Amino acid sequence: MSAIDTVKTDNKLPIESFYDVMRRQGISRRSFIKYCSLTATALGLGPSFVGKIAYAMENKPRIPVLWLHGLECTCCSESFIRSAHPLAKDVVLSMISLDYDDTIMAAAGDQAEAIIEETIQKYDGNFILAVEGNTPLNQDGMSCIIAGKPFHHQIEKVAKHCKAIISWGSCASWGCVQAARPNPTQATPTHKLITDKPIIKVPGCPPIAEVMTGVITYMLTFEKMPSLDRQGRPKMFYSQRIHDKCYRRPHFDAGQFVEEFDDENAKKGYCLYKVGCKGPTTYNACSTIRWNDGTSFPIQAGHGCIGCSEDGFWDKGSFYDRLTDVHGFGVEGDADEIGGAVALATGAVIAAHAAASALKSAKTNQENTKGE
Amino acid sequence: MSIIKTPNGYTLDNSGKRIVVDPVTRIEGHMRCEVNVDNNNVIQNAVSTGTMWRGLEVILKGRDPRDAWAFTERICGVCTGTHALTSVRAVEDALKIQIPENANSIRNIMQLNLQVHDHLVHFYHLHALDWVNPVNALSADPKKTSALAQSISSWHKSSPGYFKDIQTRLKKFVESGQLGPFKNGYWTSKAYKLPAEADLMAVAHYLEALDFQKEIVKVHTIYGGKNPHPNWLVGGVPCAINMDGNMAAGAPINMERLNKVSSIIEQSIEFVNKVYIPDLTAIASFYKTWTYGGGLSGKNVMSYGDIPENANDWSADNLLLPRGAIIGGDLSTVHEVDVRDPEQVQEFVDHSWYQYPDNAKGLHPWDGITEPNYELGAKAKGTKTNIKEIDESAKYSWIKAPRWRGHAMEVGPLARYIVGYAKGMPAIKEPVDKLLTDLGLPVSALFSTLGRTAARGLEASYCADLMQHFQKKLIANIKNGDTSTANMEKWEPSTWPKNVKGVGTTEAPRGALGHWVKIKDTKIDNYQCVVPTTWNGSPRDAQGNIGAFEASLMGTKVEKADEPVEILRTLHSFDPCLACSTHVMSEEGEELINVKVR
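Chains A and B supply the protein sequences, listed in that same order.
First residue of the first sequence: 1, per our numbering; consecutive thereafter.
First residue of the second sequence: 1, per our numbering; consecutive thereafter.
These are calculated hints, taken from the structure and not from any lab test.
Treat the hints loosely; a few may be bogus.
Okay, derived cross-link-like pairs now, DSSO-like style, lysine-lysine, Cα gap no bigger than 30 Å in a straight line [to be verified]:
id, chain 1, residue 1, chain 2, residue 2
1, A, 192, A, 122
2, B, 472, A, 245
3, B, 479, B, 498
4, A, 160, B, 388
5, A, 316, B, 523
6, A, 224, B, 172
7, A, 149, B, 379
8, A, 274, B, 274
9, B, 260, A, 89
10, B, 490, A, 268
11, B, 384, A, 274
12, A, 149, B, 518
13, A, 149, B, 164
14, A, 160, B, 384
15, A, 274, B, 490
16, B, 472, A, 268
The model shown is predicted, which means the values in this text are computed figures rather than measured ones.
Just chain A, same shape as in the assembly:
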């Protein structure tokens, strides 16, 4: 037992429970009880259970999270601390118990590794494993060493005892940069290593901060896993392409394109498709939620999307190559429906659409001119 475990203060304060957190966030007692009633109904339980649910929520400890780091660049952690709502501070102090995260934890060496043992003993089957980075299997697994041993020992041990896994970012979800051809360390994403636990993939290099905290708060608030698409990504954030909600979409439809960086069309904010934008094939929330508290996103800042939340995006040609595999129309299909179809579509489709858009635009212009 460490020193801090034994600290005593004169006025014993209650544990900050889920209820406290809700209250602090401005939710009234009345709303809280209503929430408990709805939960009871949703679970098919009678009114007598409302009190029990309320009691549990008022007294429930924060769920422990062990956040492991494999081969990665720490951009996911950096993104996480950028969260504006909720603040990263509030997530760490009041919502979860981030008991292991070697990027920020005070403990090191044996004291750090002891926390893993303790959590497994105390919360077996009842904690979340968050994975940042991936697991190398070449070099005897020793291209990522934790406490003298290969990282895969650590992740496999923790995964065995966890309740569910969050794969943060494209490294844990797909493999990302160190798994790009020829993947010299045989960097392996979580789901290919751990096959017997629920895994939520939150891809992106990194994922958007508010998407990361959104996934966590959804699970805490609604006490369930978010709905996932076929690839294991939360539908709430990954069911639409960047292109579908891009503020430059009307320029695509009108056939107005940036031909070269810093040309006149770039200054007007025209569509970046011709300079390589991967928005039409990338499922993410960048064009809706945007980055860093809604400040901007890559396309708004003048560079095409590089598709960083897609599997294998490093190996799909240059970031400046024009996409040749895009559907031109429709915002209705989600990733599941379109899925494989995207890969089958030919360059002709997008080219035809671009041409059609240009024609339509020319026609409209003509009509407008006539009207004047």
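Knowing the structure of chain A, use the given hints to seat chain B on it.
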């Protein structure tokens, strides 16, 4: 057991008790440290091991050089953007591309923004817990804390009620029994010297800085689209400027965007000067007798220089962060550094998990080879996949050993400040002299763990001011009618020569960073990065010179062997970035031993 005298002036004795710290936490990436202490718990031998390796350079081979920035940016998400900038510079150098003034200003703003953000986050969230004891903060008097805060700064969040609220929240957190990131810290260690009130003030600022850092990076979001990992462009920057033309509102840069950046820069200057610097000075005043950790800083330091005032001019006089090398602690001579010279920068692998055809010879990065060779020495304890003790007489790290003219060098904010001080740059010398005077310390006090931490803080302040300088310069240039942001003359690979090579350098937050690229038939033929933590975290070389991490731990007294807060303190003062230092990989990588776990 042996006693070894190193050419760079250290006596290594590994006969005493061995302490192993693995993982070293609160760093970027994975690292292990082993030391031997004598009967008085003084470190007599230090061994630092990079414990991760990712292989990005081989992945780059055969790719479009215009894409390289995105790959290399993913070397590190903490110093996000600095590798990307180094990469576009290397490619532009190879292809002889000149960038517009506006692109230079915007790139400088983004690089300086990173310095400010990274230094702030390092101080509060990676380093502070080596000096600040949050448990002790529970016994602070909020009124006295308020008085202390108001005595050192005019920062507005300083009322007794404010500190009381923070303390209450901290108490609740501790009482919950779920201590999260503070669990298992060395909180009973006598190494913590702050009074409770200073601890409480620092905890409050730990939380404030966590809230504020997310604002700083919005400059990257505006000019680069996102953070971490903003977007860059060979030839300039991707953010076109449209001040009052049609559709300016949807353009990357317009009046509203410029205003937002200017506002964030002002807030950053205020936060650094009213919170970071006063905290740094206050904390330092309680630790100024803790003079350990100087290591190589009093001997050999180096910086490549960065932040060109005018675009495309790499002469030393045009760089606002200095270039030069100091050898043997002789501040009267600043040696010129030329990263193109094959005799100057060389990497050795005698003690690294790689092999060369001729191990005794160092290689310049343009001709670099990186063939992995993971093996433990005969005296190592444990097994190949369960290391108990490293054998430092053999290969022992995934980090190579770079040397400048054969010397092990320290790089980073302190190195830059020593070079700048030696050059007599007023923007560097004056704040250093002021801080030393305020603390009543001589110049030699700089060569220490605390000196490293102080230089980082002063640099954050300098960089925040420079950010404002370039933002004003950008606006003035636009006012003069220049809205150009990218030079696209050589964008098409068909315009490129068949065989070219280039080098790009920056001063990353952690120190001198260089990328060397060879382009053949429009594709990357060879790509090598020598990064700050490769210099600082370097293992021994064939001559036995120890690197900066190891040197800095020598002679340090550890109060309690099983709570080595002193080791963490000094290692953290370098802000180690292991993902950066250990990304290298050879063309032959795919032939390695392969183990399947499932």
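Here's how the hints hold up against the structure:
For a cut-off of 30 Å, the pair hint linking residue 192 of chain A to residue 122 of chain A stands: about 28 Å separates their Cα positions. As the CA atoms of residue 472 of chain B and residue 245 of chain A are separated by approximately 34 Å, the hinted pair breaks the 30 Å bound. A C-alpha spacing of about 40 Å is found between residue 479 of chain B and residue 498 of chain B, which places the hinted pair above 30 Å, so the restraint is violated. At roughly 25 Å between alpha-carbon atoms, residue 160 of chain A and residue 388 of chain B fall within 30 Å of each other, so this suggested pair holds.
Of the pairs offered as hints, the one joining residue 316 of chain A and residue 523 of chain B holds, with about 16 Å between alpha carbons and a cut-off of 30 Å not exceeded. The hinted pair formed by residue 224 of chain A and residue 172 of chain B meets the criterion: a straight-line CA distance of about 27 Å does not exceed 30 Å. Between the alpha carbons of residue 149 of chain A and residue 379 of chain B the distance comes to roughly 18 Å, so the proposed pair stays at or under 30 Å and holds. Our distance criterion of 30 Å between C-alpha atoms is broken by residue 274 of chain A and residue 274 of chain B, whose separation comes to about 47 Å.
A distance of roughly 24 Å separates the Cα atoms of residue 260 of chain B and residue 89 of chain A; the hinted pair therefore holds under the 30 Å criterion. A threshold of 30 Å between alpha carbons decides the hint, and for residue 490 of chain B with residue 268 of chain A the separation of about 23 Å falls inside it, so the pair holds. The suggested pairing of residue 384 of chain B with residue 274 of chain A is violated, with an alpha-carbon distance near 51 Å, which exceeds 30 Å. Straight-line distance between C-alpha atoms of residue 149 of chain A and residue 518 of chain B comes to about 36 Å, which puts the hinted pair past the 30 Å bound.
Using a Cα cut-off of 30 Å, the hinted pair residue 149 of chain A and residue 164 of chain B is violated, with the two alpha carbons roughly 44 Å apart. Proximity of residue 160 of chain A to residue 384 of chain B is assessed by CA-CA distance (about 24 Å); at most 30 Å being required, the pair is judged to hold. A threshold of 30 Å between alpha carbons decides the hint, and for residue 274 of chain A with residue 490 of chain B the separation of about 18 Å falls inside it, so the pair holds. Proposed proximity of residue 472 of chain B and residue 268 of chain A is supported: the alpha carbons are some 24 Å apart, at most 30 Å.
When held up to the earlier numbered hints, the structure conflicts with 2, 3, 8, 11, 12 and 13 and fits the remainder.
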